[in-house]
Amino acid sequence: MNSEVVFQMQGITRTYEMGDVQVHALRGINLKLYAGQFAVILGMSGSGKSTLLNILGGLDLPSSGKVYYKDLELSHASEKELTSYRRYHVGFVFQFYNLIPSLTALENVSVVTEIAAHPMQASEALELVGLSDRMNHFPAQLSGGQQQRVAIARAIAKNPAVLLCDEPTGALDIQTGITVLETLDVVSRELGTTTAVITHNASIADMAHRVIYLNDGQISKIQQNKIRKSPNELSW
Amino acid sequence: MNTLDRKVFRELWLIRGQVLAIAIVIAAGLSTVIMSYSTLESLQQTRERYYQEYGFADLFSSLKRAPLTLVQRITQIPGIADAEPRVLAPVRINLKNYHDPIQGQLVSIDKHNPDAMNKVYIREGRMPVKSQQIEVLISEAFAQPHQLHPGDTLQIIVNGRKQQLHIVGIALSPEFIYQIAPGTIIPDFSRYGIIWMEREALETAYDMQGAFNDLSIKLTLDADDKLIIEKLDDLLKPYGGLGVYDRNLQVSHHFLSEEFKQLDEMGSTFSFIFLGVSIFLLNMVVGRIIASQREIIASLKAFGFSNMAIAFHYSKLIILIVCIGIVLGVSAGLILGNNLAHLYMEYYRFPYLDYQLQVKVILYSTSTTLVAALLGTWFSIRKAVQLQPAEAMRPEVPQRYNVTFIERLGIKKYLAQPSRMVLRHFERHPVKALLSVFGTAFACGIMIVGTFFIDAMDYMVNTEFNLSQREDLTVTLINPTSYRALYELNNIPGVLRAEAYRTASVKMHAGSHSHRTAIQGFSSNNVLHRLLDTQNTAISIPDTGILLTEFLAQKLGVKIGDSISVEFLEGKRLTRQVHVAGVINQYIGLSGYMNIDALNDLMQEGRVISGAYLAIEEGAEYTAQSILKNLPQIAGVEEQKSMVESFYATVGDFMLTYIAFVSGLSIAIAFGVIYNNARITLAERSRELASLRVLGFTQAEVAYILLGELGLITFLSIPLGMLIGYWLSYGFIIGLQQDLFRIPFIIEPPTYAYAILVVICSALISGLIVRRKLNQLDLVSVLKIKE
Numbered sequence: 000m001n002s003e004v005v006f007q008m009q010g011i012t013r014t015y016e017m018g019d020v021q022v023h024a025l026r027g028i029n030l031k032l033y034a035g036q037f038a039v040i041l042g043m044s045g046s047g048k049s050t051l052l053n054i055l056g057g058l059d060l061p062s063s064g065k066v067y068y069k070d071l072e073l074s075h076a077s078e079k080e081l082t083s084y085r086r087y088h089v090g091f092v093f094q095f096y097n098l099i100p101s102l103t104a105l106e107n108v109s110v111v112t113e114i115a116a117h118p119m120q121a122s123e124a125l126e127l128v129g130l131s132d133r134m135n136h137f138p139a140q141l142s143g144g145q146q147q148r149v150a151i152a153r154a155i156a157k158n159p160a161v162l163l164c165d166e167p168t169g170a171l172d173i174q175t176g177i178t179v180l181e182t183l184d185v186v187s188r189e190l191g192t193t194t195a196v197i198t199h200n201a202s203i204a205d206m207a208h209r210v211i212y213l214n215d216g217q218i219s220k221i222q223q224n225k226i227r228k229s230p231n232e233l234s235w
Numbered sequence: 000m001n002t003l004d005r006k007v008f009r010e011l012w013l014i015r016g017q018v019l020a021i022a023i024v025i026a027a028g029l030s031t032v033i034m035s036y037s038t039l040e041s042l043q044q045t046r047e048r049y050y051q052e053y054g055f056a057d058l059f060s061s062l063k064r065a066p067l068t069l070v071q072r073i074t075q076i077p078g079i080a081d082a083e084p085r086v087l088a089p090v091r092i093n094l095k096n097y098h099d100p101i102q103g104q105l106v107s108i109d110k111h112n113p114d115a116m117n118k119v120y121i122r123e124g125r126m127p128v129k130s131q132q133i134e135v136l137i138s139e140a141f142a143q144p145h146q147l148h149p150g151d152t153l154q155i156i157v158n159g160r161k162q163q164l165h166i167v168g169i170a171l172s173p174e175f176i177y178q179i180a181p182g183t184i185i186p187d188f189s190r191y192g193i194i195w196m197e198r199e200a201l202e203t204a205y206d207m208q209g210a211f212n213d214l215s216i217k218l219t220l221d222a223d224d225k226l227i228i229e230k231l232d233d234l235l236k237p238y239g240g241l242g243v244y245d246r247n248l249q250v251s252h253h254f255l256s257e258e259f260k261q262l263d264e265m266g267s268t269f270s271f272i273f274l275g276v277s278i279f280l281l282n283m284v285v286g287r288i289i290a291s292q293r294e295i296i297a298s299l300k301a302f303g304f305s306n307m308a309i310a311f312h313y314s315k316l317i318i319l320i321v322c323i324g325i326v327l328g329v330s331a332g333l334i335l336g337n338n339l340a341h342l343y344m345e346y347y348r349f350p351y352l353d354y355q356l357q358v359k360v361i362l363y364s365t366s367t368t369l370v371a372a373l374l375g376t377w378f379s380i381r382k383a384v385q386l387q388p389a390e391a392m393r394p395e396v397p398q399r400y401n402v403t404f405i406e407r408l409g410i411k412k413y414l415a416q417p418s419r420m421v422l423r424h425f426e427r428h429p430v431k432a433l434l435s436v437f438g439t440a441f442a443c444g445i446m447i448v449g450t451f452f453i454d455a456m457d458y459m460v461n462t463e464f465n466l467s468q469r470e471d472l473t474v475t476l477i478n479p480t481s482y483r484a485l486y487e488l489n490n491i492p493g494v495l496r497a498e499a500y501r502t503a504s505v506k507m508h509a510g511s512h513s514h515r516t517a518i519q520g521f522s523s524n525n526v527l528h529r530l531l532d533t534q535n536t537a538i539s540i541p542d543t544g545i546l547l548t549e550f551l552a553q554k555l556g557v558k559i560g561d562s563i564s565v566e567f568l569e570g571k572r573l574t575r576q577v578h579v580a581g582v583i584n585q586y587i588g589l590s591g592y593m594n595i596d597a598l599n600d601l602m603q604e605g606r607v608i609s610g611a612y613l614a615i616e617e618g619a620e621y622t623a624q625s626i627l628k629n630l631p632q633i634a635g636v637e638e639q640k641s642m643v644e645s646f647y648a649t650v651g652d653f654m655l656t657y658i659a660f661v662s663g664l665s666i667a668i669a670f671g672v673i674y675n676n677a678r679i680t681l682a683e684r685s686r687e688l689a690s691l692r693v694l695g696f697t698q699a700e701v702a703y704i705l706l707g708e709l710g711l712i713t714f715l716s717i718p719l720g721m722l723i724g725y726w727l728s729y730g731f732i733i734g735l736q737q738d739l740f741r742i743p744f745i746i747e748p749p750t751y752a753y754a755i756l757v758v759i760c761s762a763l764i765s766g767l768i769v770r771r772k773l774n775q776l777d778l779v780s781v782l783k784i785k786e
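Chains X and B, in that order, give the protein sequences. Numbering of the first sequence is given in numbering that gives the first Met the number 0, commencing with residue 0 and proceeding in unit increments. Numbering of the second sequence is given in numbering that gives the first Met the number 0, commencing with residue 0 and proceeding in unit increments.
Calculated from the structure, these hints are not laboratory results. Even for Gly, the Cβ is constructed at its ideal location relative to N, Cα and C. Each hint should be verified, as a subset may be incorrect.
[Claimed, not checked] Quick partial rundown of chain X residues pointing at chain B, CB under 7 Å, derived from the structure:
no.: 1; residue: Leu58
no.: 2; residue: Asp59
no.: 3; residue: Ser62
no.: 4; residue: Glu80
no.: 5; residue: Thr82
no.: 6; residue: Arg85
no.: 7; residue: Arg86
no.: 8; residue: Asn97
no.: 9; residue: Ser101
no.: 10; residue: Leu102
no.: 11; residue: Val110
no.: 12; residue: Val111
Using the sequences and the hints given, assemble the complete structure.
As structure tokens, then:
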């Protein structure tokens, strides 16, 4: 693989306190992610994958180690640098969609396009995820899959360099999950976005270029897929 | 409008009930400020303009009699721009079909002098001219209750002689904005009137040809008034000068200033409390709204919104709520202010009212509110914004609950699970719970401050007029006379008892303090007119020494046993030393009291009296009054009953109207605080309660948990609220101490009960609303959303 390195992590650890308990979420991660690749980070609940994604997305800082996005060292970036990194480079998709309930689908996307540098039209993004007929619905009027697709539209509308998805199908049934994955696949191919999806669902791994197995805060295995399956070929 | 702004509006609409409740509380605070200060500013500006346009004098003096030639010498004193000699004469007025005695004041006008001071404003009719009849102007305040108009006549008794006067005009003067009989403190418009008469006519009527007995002085801008007063005092002394005084001691000006001070005090106290509470409330609501949006905030940060942008977004929510409050508050304040100012106009006789939009007041109060609200909520916003987005997206750590203190006391077995939940929640969030208790307590306290005035007024009137001054009539003689007058009064049919009194105008001095007032002397065996101690028990007047009203003693800085110097402003004009024999409790007026014989001795006068207090047999009032009315040596008769009436009609009326506004606003506040509290509690606990419903709890059982908490908050807030009300009222009373009257610190049980009732009713209504919402909880959807 000779593509440009987008993310580089060296010896990343992350510890945090949860009540009285100290959680070692990451215990020394070394990882590179390459431009245009679709990577799946696979792990059980509690393996540290969300923490990894949050660090990649500039939502969280590692306790030790270094992480780079291209030339920007995220591990030592200021609040201001992280904000503009998130604003101009990253698209997020959350497991629980995190739509703003008081805004319509279109408005949820517009929130992001209004502050991005080179966004597409909010309606165009919704069209890409197949929701042009639901634009003026509020989150409460949409199904889980539709909400997740709005969230994807919101993430891609800014034309981000990287797309980070946290269990995007976690709250969905199989059929809806496949629709959402297809959307992600199409978007990443068409826009050439570097995509990282975290999941505990091993079957999703088959659609990735690379699969990173995470176990108890450490990488246990990295696997290259010679042949990528399309989402509707996945079975789980 | 960008999308986030749309979010602000939609969310405001979602919590519109709470928004309205907060806005109303803010409006209550603001309208109090605007009502008080726009009225105050308007009245002050009106007074200033009136003084300017109608040449209100700077210095005043009464004297016995001086030749007009003296005026030239007076104007030669450096610093004096102008001096105007006048003739003033006390009269009694008789009106057809009005049986009560009326006192009056004749004032000379010099229509040949265009630069005259204290000029009259003609409301109706014209200026008097020289004609065969005696033409006069009468004061509007007196004309109105008697429906007198130009063309009507009235009879006066001046120097014991009856004269017929023809009214040609109704007038006002800057000297008599607050029209009040000398020696009294409560205006009684129907029993005291001002009559302006041409100088020559008055000279003739009062035997004052070529002389004057009243002097008004206009000073130059750079004049040293203290020095001038000294010089004038020396100059006038041989002519029976009663002491030159400045505007601060001019009766109308003095009372007006006291009233303005009081309005200022009321405005600042209530505004401070109301605005404080509204900001507290805003903080509570906004803090919790923000707390409930921690995930949205995290997402916004994940999308690349900066902390500033997010903080600004939530600030807009606050600004909008405050703006709604501002719109409501400013409009209400202007309407109330206009009404209040017009009410004042009924008692303060201005020719016009300059009620202007007080832009300064509005700008100042609204910007203070806004800044205070933003500062107050800044903490919540900052806390939310500073949260790491990743942390905000993680579910909150389950809160640690403990077995509560109350349960540990061993009553656990008596408490069902829901009651334990109420207690544990309460103990788990002590700050939140305390804030809620405190907010509700403040609402209760405000109700008490807003209403205790009525108790205090009633108590004051009862003490002064039912316990202390129990006479039916007070008769004032034209000149101090011998005790024979008392026997004559005693012999009038219907008079049950007559008690003599002697009164003397004095200036009291103690160290650097001095105060112009009167000393009243009467016998220690009085039954009708008595003095009371702080416990309201009658005290007898000591044979020597002087008793001072507590507030006067404070003003003079003296205590029992100290000596004060008394400068008599009448009689032989002696200055004598008297020791303070005691301090008495009195709510109205500021006077000194002595034994009548001791007072006469001190003045080196024989056994004379200034008047008498009379008790009249029931049913004989009319006969007695008619006889008194025709006795030539009587200057005036005051009826106790009408004094009480006019107290309530004037002084009481302002206060009570103001208080009515304020207590209306405090009900709004009480409800606003309690309702908001209930709604927030519902929002915070709906998930937990829905889970219980799913587990099989009935609606009533779930409601018990929520309403139990509200009930507990209300229950705890009541005693605290009573305490807050008590202290707020006390602080308020202290601020309102003035010469005219001191409001006693009295809160009657019904006032507490009323405040508690309002709090409980607000809690019940809020509880019912919340309970209805609770019954509408969508159980399934609540469970679907992640924690």
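*Any hints this thing doesn't respect? Which numbers, in order?*
Violated hints (numbers, rising): 3 and 4; every other hint is consistent with the structure.
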